[in-house]
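Okay, here's what each chain looks like letter by letter:
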Amino acid sequence: MSFLTPLFLIGLAALAIPVLLHLTQRQRREPVRFPSLAFVRRVPFRTTERRRIRDWLLFLLRASAIALLVAAFARPFLARAGFGAAGAGTAREVVLLLDRSASMGYGDRWDRALEAARRVASDLAPGDRLTVVRFAETPEVMGPATGDAVTAAAYLTAARPDGGVTRFGPALELAGDLVEQSDLPRRAVVLVSDFQQAGWDGGTDIRLPAGTVLETVAVGGDAPQNLAVTGVTLQRSPDDGGRVVVTARVTNLGTSDAEVRARLGTGTQTLHEVRARVTARDAIPVRFPAIALPPSPTPGWVRLDGDRLGVDDERRFVLRPIPRIPVLLLEPSGASSREVVYLRRALSIGRDPLIESSVRTTPSAAELGSAAVVVLNDAPFPSGEAGRRLLRFVEQGGGILWAIGPRAGAVPEAVGAALGTAARSPADRLTDRGGALGVADYGHPVFAPFQGTRGGDYSAVRVYRYRRLALPDSGRVLAWTDDGGAILGETRYGMGRALLWGSDLSNVWNDLPLRAVFLPTVHQAVRYLAGHREPPASYEVGSALHADELFPGADGELVLEAPDGTRVLIPAGTRMPLPLPRAGFYELRSPRGEIAVPVAVNLDPAESDLTELDRDVLLAAVAAPEGVTTAGPAGVLTAAERERRQRIWWYLALAALIALVAESAFTALRPKGAGA
Amino acid sequence: MTGTRFLDPTVLARIDNLELAARTVVDGFISGLHHSPYLGVSTDFAEHRPYMPGDDIRRVDWRVFGRTDRFYVKEFEADTNANLLVALDVSRSMDYGSGTLTKLDYGRILAASLLYLSRRQRDRVGLVTFDATLLDIVPPSAKHLELCLHTLDRRAAGRRGELAGPLEKVAEISRRRSIIVLVSDLYDEPTVVFRALARLRDRGHDVIVLHVLDPDELEFPFDGAAPFEDLETGERAPVVPAKMRDEYRALIREHCDTLARGLGQRRVDYYLAQTSKPVDFALFEYLTRREWLRLAK
Numbered sequence: 001m002s003f004l005t006p007l008f009l010i011g012l013a014a015l016a017i018p019v020l021l022h023l024t025q026r027q028r029r030e031p032v033r034f035p036s037l038a039f040v041r042r043v044p045f046r047t048t049e050r051r052r053i054r055d056w057l058l059f060l061l062r063a064s065a066i067a068l069l070v071a072a073f074a075r076p077f078l079a080r081a082g083f084g085a086a087g088a089g090t091a092r093e094v095v096l097l098l099d100r101s102a103s104m105g106y107g108d109r110w111d112r113a114l115e116a117a118r119r120v121a122s123d124l125a126p127g128d129r130l131t132v133v134r135f136a137e138t139p140e141v142m143g144p145a146t147g148d149a150v151t152a153a154a155y156l157t158a159a160r161p162d163g164g165v166t167r168f169g170p171a172l173e174l175a176g177d178l179v180e181q182s183d184l185p186r187r188a189v190v191l192v193s194d195f196q197q198a199g200w201d202g203g204t205d206i207r208l209p210a211g212t213v214l215e216t217v218a219v220g221g222d223a224p225q226n227l228a229v230t231g232v233t234l235q236r237s238p239d240d241g242g243r244v245v246v247t248a249r250v251t252n253l254g255t256s257d258a259e260v261r262a263r264l265g266t267g268t269q270t271l272h273e274v275r276a277r278v279t280a281r282d283a284i285p286v287r288f289p290a291i292a293l294p295p296s297p298t299p300g301w302v303r304l305d306g307d308r309l310g311v312d313d314e315r316r317f318v319l320r321p322i323p324r325i326p327v328l329l330l331e332p333s334g335a336s337s338r339e340v341v342y343l344r345r346a347l348s349i350g351r352d353p354l355i356e357s358s359v360r361t362t363p364s365a366a367e368l369g370s371a372a373v374v375v376l377n378d379a380p381f382p383s384g385e386a387g388r389r390l391l392r393f394v395e396q397g398g399g400i401l402w403a404i405g406p407r408a409g410a411v412p413e414a415v416g417a418a419l420g421t422a423a424r425s426p427a428d429r430l431t432d433r434g435g436a437l438g439v440a441d442y443g444h445p446v447f448a449p450f451q452g453t454r455g456g457d458y459s460a461v462r463v464y465r466y467r468r469l470a471l472p473d474s475g476r477v478l479a480w481t482d483d484g485g486a487i488l489g490e491t492r493y494g495m496g497r498a499l500l501w502g503s504d505l506s507n508v509w510n511d512l513p514l515r516a517v518f519l520p521t522v523h524q525a526v527r528y529l530a531g532h533r534e535p536p537a538s539y540e541v542g543s544a545l546h547a548d549e550l551f552p553g554a555d556g557e558l559v560l561e562a563p564d565g566t567r568v569l570i571p572a573g574t575r576m577p578l579p580l581p582r583a584g585f586y587e588l589r590s591p592r593g594e595i596a597v598p599v600a601v602n603l604d605p606a607e608s609d610l611t612e613l614d615r616d617v618l619l620a621a622v623a624a625p626e627g628v629t630t631a632g633p634a635g636v637l638t639a640a641e642r643e644r645r646q647r648i649w650w651y652l653a654l655a656a657l658i659a660l661v662a663e664s665a666f667t668a669l670r671p672k673g674a675g676a
Numbered sequence: 001m002t003g004t005r006f007l008d009p010t011v012l013a014r015i016d017n018l019e020l021a022a023r024t025v026v027d028g029f030i031s032g033l034h035h036s037p038y039l040g041v042s043t044d045f046a047e048h049r050p051y052m053p054g055d056d057i058r059r060v061d062w063r064v065f066g067r068t069d070r071f072y073v074k075e076f077e078a079d080t081n082a083n084l085l086v087a088l089d090v091s092r093s094m095d096y097g098s099g100t101l102t103k104l105d106y107g108r109i110l111a112a113s114l115l116y117l118s119r120r121q122r123d124r125v126g127l128v129t130f131d132a133t134l135l136d137i138v139p140p141s142a143k144h145l146e147l148c149l150h151t152l153d154r155r156a157a158g159r160r161g162e163l164a165g166p167l168e169k170v171a172e173i174s175r176r177r178s179i180i181v182l183v184s185d186l187y188d189e190p191t192v193v194f195r196a197l198a199r200l201r202d203r204g205h206d207v208i209v210l211h212v213l214d215p216d217e218l219e220f221p222f223d224g225a226a227p228f229e230d231l232e233t234g235e236r237a238p239v240v241p242a243k244m245r246d247e248y249r250a251l252i253r254e255h256c257d258t259l260a261r262g263l264g265q266r267r268v269d270y271y272l273a274q275t276s277k278p279v280d281f282a283l284f285e286y287l288t289r290r291e292w293l294r295l296a297k
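Chains A and B are the protein sequences, given in the same order.
In this text, residue positions in the first sequence follow my numbering: the first is 1, and each later residue adds one.
In this text, residue positions in the second sequence follow my numbering: the first is 1, and each later residue adds one.
No lab work stands behind these hints: they were computed from the structure.
Please note that a few of the clues may not be correct.
So these bits of chain A aren't anywhere near chain B, every CB distance computed over 10 Å [claimed, not checked]:
1) P31
2) R33
3) G409
4) L430
5) P605
Only part of the chain B face toward chain A is listed, based on derived beta-carbon distances under 10 Å [to be verified]:
6) Y187
7) D230
8) L231
9) I252
Positions of the beta carbon are idealized from the N, C-alpha and C atoms, including for glycine.
The following block holds chain A by itself, in its conformation from the complex (with noise of 0.2 Å):
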């Protein structure tokens, strides 16, 4: 039993007054005045007579008039909605959608929402299901709908918040699958969550069914003070053997000025420390002095002193030894300085990864063991077992980069029909001050940086010569000229992949070294050659890890560890991508253990945005016009639609006025001279 206006059952002290009446029936309060009480006070004092009610019919008559007037103004109901429900006559299904986001760790949210969520299972009237669906990027479905409380309370139970990001699309979009799938002819959604702003991105087409009623119970409402580290950038250099510098980003999230304390550290060991202070709704970069790069990945992370949302202020990564990619460059014999100053110079420059190139004219069966991109700088390719050393080179997964200028003289038959073939006799566009260079393809690795309106120019390249390029099936064209022919083309070859490039890198035939985009598409030609990528030092919480990011190659059975020590075997040869759920440190290695690498999960900080979303918003966007009615904020009926319902309060008053009409009566009839 509940009431709509508690506050009136104060009016319940009023039960005294016939409490009072009665106990001291005709008591004047004017004294008596009395010639002398000299033989009054002879007769013993007997108290016992004010305490006792002489009439009870009367005195219950009276108070239970009292009380039933005092509890109608109170506008009781019953907390189950069977009560009431019963007179609407329809079984509902209920789909109570609860947040279990991180952003519900703050504070008491969770707690509020299980009460919430709790109360929802309560009110189930027979007839009605219930399903539990607990969401967070993605919704879950704790089990099948069902009727009985005590199994939602359970599901309710084996509900945690995790550390994912709230989206409500996803969660909303099953309530509706799940409410239009059923055969019950009332159909109602409960959303319970903090109803956090960047879980709602508002492109969301969804629609419930119409009939649908959807409620929403809030249970956010504070003014939110979150401190978080959103983000941790690591600057890394090969200087001093290797070092790196951590910079975080601290975000105030809070209505209020704040000081910070962020630590920096690896594993269990904390390394630094910076104090700083952050205003309200800004972010400050926080720089921390350079540490040591370690010889294998190590865990290391940014902490702030915790706040009442612990789960954001902590960013995890991963430091990693700088990668280097070795490269074996050959050049044609006798050409000048000025000829491979370009790509020599553009090759040594590179720091993260660490390009080391080793100049050679003709390759060694060593040599092209250790390296990972053979660059032909306007070299020929080698003949004989050389060359063919070298298609093993790229058939078995290596790299290989021919500049084809005025030296390379003419592709062998073999290369061309592995790799591709170029024009003997260059296209000369001297007369036309050099022809322009377009790219084909700017999704491809190679170009992808340079991608968007103030990427790497191209088209101011100028090409005066160049050999058209002529691809096998494998092969694709990377970039024209504007006179249509090909000038760049990248062909696979067993396992490796070749890029051709129908000109010099020397600025002899074009002047693509002097411009600005020489040097990162040497990088990104180099990197992609190599195929080398880099693991990202962390992920967010709900992204896929893939195993072939950290083990390359890696064929045999992994075992991705859990932060909280679950294992997930990765059987060999399946390199399906593995959920990161949770924020932590995971760990990815072998079954023996021989190789492990530590995989850093962050928290996405959206997540650490509170701001409240407008509800009306929300309702507005999924209510279909054609019936979807939106409710109040507790239960599937709120307070006073219960108490609307079971009009109690109504059955009370009658039953005060049928008592003040007895006692009435009861003191009409009742002889005068007895005490009332």
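The hints should help you fit chain B onto chain A, whose structure is shown.
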């Protein structure tokens, strides 16, 4: 008493003039408090009047004749057998009445009636009022009726009352043998009353006690618990009348019986006058009883 109509106290209460009230009360009474011998001998000079034929020549005042050369005879106050002194208790407790008359009003009319009646018998009448001390003293005299009535009329209820002290004073000032009528509610221990009255009786006074009580004091008819306040002391006490009524009645009855019995043994007349009864009825009843007792002696 068939055919006798007594005055309703409510009617009596409307008579502002105490003399008129007293006359109304005693009108028709034949006998008074005592028998007067009417000896016609007096030593109290009253006035001179011119000689008239038939006057006893011995009553001519020759000294006046010597000075004025005219005959004047001396008139004297008629002599009586007794003085009547009414001692009226005007303590605070007398200022109580459940009806139209308080005990003080009742006692006042009763006293006035006795004074008037006695004066009609040519007695000397006097009055004392008292609470804890003597408040008014009107010595008995044949000419003090009006003064007594006036004193009665103006006297309001006083303070806390006491019998012993005032009655001792009365004994001191009443040197001549007198009829002393005590009008009081007698809220004192019977032994105190006995001792105080015995002193008067021992000096040869004829003492009459009119015990004036309101019906409330006898019946205690109150209903409902209430604090009761003592009129004299101001003390309050929670009282549940219904619970203690019987015991109270028994106590007050015992008190009255004790007084009647004890005073009777001391040859003091005692009469319980309830204010609910007409004053003339009370007076008639008492005088009839007194007459019967005198005849019985």
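Tested hints:
Residue placement check: P31(A) does not keep its beta carbon more than 10 Å from all beta carbons of chain B (closest about 4 Å). At roughly 5 Å from the closest C-beta of chain B, the C-beta of R33(A) falls inside 10 Å, breaking its exclusion from the interface. Remark: the non-interface label on G409(A) is consistent with the geometry, its nearest Cβ contact in chain B lying 132 Å away (cut-off 10 Å). The claim that L430(A) lies off the interface holds: its Cβ sits roughly 130 Å from the closest Cβ of chain B, which is beyond the 10 Å cut-off.
Residue placement check: P605(A) keeps its beta carbon more than 10 Å from all beta carbons of chain B (closest about 78 Å). The closest approach between the C-beta of Y187(B) and any C-beta of chain A is roughly 4 Å, which is under the 10 Å cut-off, so the hint is satisfied. Proximity of D230(B) to chain A holds as hinted, the smallest CB-CB distance being about 4 Å (cut-off 10 Å). Below 10 Å, beta-carbon pairs count as interface contacts, and L231(B) has one with chain A at about 5 Å; its hint therefore holds.
For I252(B), the interface hint holds, since its Cβ comes within 10 Å of a Cβ in chain A; the closest pair sits about 6 Å apart.
Taken one by one, the earlier hints fail for this structure at numbers 1 and 2, listed in ascending order.
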